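**Student:** Now for the letters of each chain:
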Amino acid sequence: MNRTKGDEEEYWNSSKFKAFTFDDEDDELSQLKESKRAVNSLRDFVDDEDDDDLERVSWSGEPVGSISWSIKETAGNSGSSQEGREQLKSRNSFSTYTQLPKPTSTYSLSSFFRGRTRPGSFQSLSDALSDAPAKSYAPELGRPKGEYRDYSNDWSPSDTVRRLRKGKVCSLERFRSLQDKLQLLEEAVSMHDGNVITAVLIFLKRTLSKEILFRELEVRQVALRHLIHFLKEIGDQKLLLDLLRFLDRTEELALSHYREHLNIQDPEKRKEFLKTCVGLPFSAEDSAHIQDHYTLLERQIIIEANDRHLESAGQTEIFRKHPRKASILNMPLVTTLFYSCFYHYTEAEGTFSSPVNLKKTFKIPDKQYVLTALAARAKLRAWHDVDALFTTKNWLGYTKKRAPIGFHRVVEILHKNSAPVQILQEYVNLVEDVDTKLNLATKFKCHDVVIDTCRDLKDRQQLLAYRSKVDKGSAEEEKIDAILNSSQIRWKN
Amino acid sequence: MAFPHRPDAPELPDFSMLKRLARDQLIYLLEQLPGKKDLFIEADLMSPLDRIANVSILKQHEVDKLYKVESKPALSSNEQLCFLVRPRIKNMRYIASLVNADKMAGRTRKYKVIFCPQKFHACEMVLEEEGVYGDVSCDEWAFSLLPLDVDLLSMELPEFFRDYFLEGDQRWINTVAQALHLLSTLYGPFPNCYGIGRCTKMSYELWRRLEEEEDGETKGRRPEIGHIFLLDRDVDFVTALCSQVVYEGLVDDTFRIKCGSVDFGPEVTSSDRSLKVLLNAEDKVFNEIRNEHFSNVFGFLSQKARNLQAQYDRRRGMDIKQMKNFVSQELKGLKQEHRLLSVHIGACESIMKKKTKQDFQELIKTEHALLEGFNIRESTSYIEEHIDRQVSPIESLRLMCLLSITENGLIPKDYRSLKTQYLQSYGPEHLLTFSNLRRAGLLTEQAPGDTLTAVESKVSKLVTDKAAGKITDAFSSLAKRSNFRAISKKLNLIPRVDGEYDLKVPRDMAYVFSGAYVPLSCRIIEQVLERRSWQGLDEVVRLLNCSELAFTDMTKEDKASSECLRLILVVFLGGCTFSEISALRFLGREKGYRFIFLTTAITNSARLMEAMSEVKA
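Chains as they are written, first to last, in full-length UniProt numbering: chain F, 1 to 493; chain E, 1 to 617.
One should not assume that every hint holds.
Stretches of chain F that chain E covers, calculated by requiring three or more beta carbons in the stretch to come under 8 Å of a beta carbon on chain E [what the hints assert, rightly or not]: (1) 163-175; (2) 186-193; (3) 225-234; (4) 354-368.
Derived from the structure by calculation, the hints contain no laboratory data. Remember, it's a predicted structure, so these values are computed and weren't measured experimentally. Here a beta-carbon is modelled for each residue, glycine too, at the ideal position from N, C-alpha and C.
Whole structure, please, built from the sequences with the hints as guidance.
**Tutor:** So, in structure tokens, the structure goes:
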């Protein structure tokens, strides 16, 4: 979920991107491997190109002279590389914005109109602007502070709200009666600007008692939502919880409290915190999830301590062969189950880390259990365990293969874990639907299954077609020939 | 392929002046802090800034070093520090800690904060609380319209979606209104305005108010753009939740286009480095394939490659003079085209590889089934399996939302079991994500009837003031049904196809989803433009839960040329997808219109889901 965040961090931090030097710039484009099929033949002709610099602004990995690039430079050599700066200067002369003269503010405001292509509209546009160009285009700056500070204290609620919208400093202190305050709030709400609504709320929060504020907001939903969001943003959790309690929004209250666990890094503390969440007024359904969250972390802490010990002791084969890549703490349940199927498959139900124990404790459905166990055991290439996973005995003692997830899925997962053909074959054969079976067998090159299926279908044409796909002189070819020559089969085509 | 515009299609206005305007404003602001200064830039503002200025411009205005605003102490030794940031609380805390650290060390510097696109009172409050108000001077840089392409303006505010559609915070409405005001000042008034959605309506009202306050600025101006159409993202969540299959959308879904450019990794460039590529109409190859269904792109690229080969081959048998001409006049163009071709061929290959691996075909089949409303059981178990196999948290969530919206909510049994499995597969803390999705109306449980929720009825009893009418609206997302099936029927969103839908020769906007579905948002726009009003669409509007929220506003404008009346500005509040842009470009070519897009940000299904997700480091 944080992938983009992470990517961005990498983008900024990895040495790969910082290592931009001016020397390798010519490689930028010739590095571009020629398009594989069609454009291939043109390579020689293009490789010796001399790139012109203007183009590279949009084409280099990171345009030279771009702001993002420059910041990386600062980060890279946090001192100041004089040399780099010099080169930078020379590079920048290629930029499209060459030597923009330092504009005075009047220049900057009018300059862009010269570029306008339609002379027809030029006149009227500049006319409209000459009215109050500073007002509409340039932010109000550089004036003495007093000029936009409001001392006169006689703005009406609507004037006040308008000034607030324009970002001006505006004293609200004169709105002292509850009626005035509420009128101000209503004025803000009716203007729709959330920034102003929040500004008024900040004032109300400061000048009204909690009870009165909450009471008034309960019937003003738009303002209420702004206050809730504001409290979330500034992290005033206490007031937020008070508010939700006042509003009797018990579920939201519970969730808000629960959200805090995300900020607790220490696993023990997090566990203790989750314990306090268990009794909160969640919906019945969510209560169970919270309980499970607590139990899961509790288990993970035990397993983690135990396994870290085992791993460092170096006595356990599985940990030596397959060192753990990450801690199991705070992982989802399914990942934990996978972990437990991987490292603790044979453990008795009594131990916390055994898969069966996890399955029972968290009521993991059969389907999910089988899917996860299969993936874990296949990864270890423990084909015997895979076999056992699908073998059931009926009351007469006969064994039978059964898969709650469908054997076509089993085959795919096995293939992903590069199971050998003999194993794959066995499970492809168990796929019930003939077409699916044939497709899978062909896809995964289970020759025997394809051949036998064609024979069973009495499909001579398909078998002939398949003959061309197997290796010349192979056992498969022989087998096909034997079948094709057999006089006992009544082919349907 | 690459359909030309009709000869009578209107010219697009020149939006490059927006860039110059923004640049000039920034320069003006930098000049307010004379002398050498270090500039700290928020990460999210870097790409937009790169599109309008560069280092040499900053240097000319005495910016010494550039830093990224991040949670590390600043190393700057400059006497003047300038911060260019979005108005966010955490930025204020960062700046305050920096200033306070200086104070502790007995150091005095000058600090300036430039808020983009505007400052919020809550930010100033934090500065005040942290005791640095007055030590820091604040300015606003009203840069809220970035032209990403000739017909696409982005406000680059992805947080708009969560702030408004989840939290109900209207903080960006003023920004939207200001942006619209600026557009009407520069490009003349809009003779015809249409809109649908609550946020749309509020933004429109505030915009009108601004125009009245600054009366006269647009008076007498000739309109350049004949129509403006505003709509809220929540009017049509379905389209944004679908997998994209037109090239530009697919590139966005696969590689994430950021601020008009994309980073192609080694898997695309077939080298060990990444390549940053600007994707817009100036890329001749891209421009021809961007709106195409992916299945057409291969053929086009190989045709293009053959042509290129032929042109290179011409040099054989040239004499010296002809060769000289060839090199000086054509070679550069050919080389450029060659580069572009390689990049897009590489991108296609990489997309194909990824899509084959994730069983895209089956995924698309499920999506289409959901859109058409058949085999719901089968789709549900497909989603379930997706979750059980931990395929991808975002994809799983997206499919569940699609199921929920198309079916007016999940039946309680399915909701419970999918949610439980989701939490087991991707982590219990997603409980918070589910709560968010429910609040935003994206993933709900079917209620046993249309009764109001307990909270709602309690609130409506309490309400006595004039705001009464608006109260239930505040809870609209909780109670409102999506009615997708009925809307789809009314607007004919699922085309009846006899035989194959020929994706090479699209006949309607459904081609952007392989002929299976006409994007709802685009269909609404098409219908309203055809009627020049909402007339006859009452039932649709009601089903969209927008009875009070759809409006038309026409001024009699005799100065409007027929050309300008075929230019339409479409404003998406909460984000629009490349598929929608492609679909409307197609509509424009069919009808002789040209569409211009203004969006709070480019979005897609993954971005929507991430915005709702509560799990952050």
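**Student:** What are the numbers of the hints that this structure violates, sorted from low to high?
**Tutor:** Checked against the structure, no hint fails, so every one of them is satisfied.
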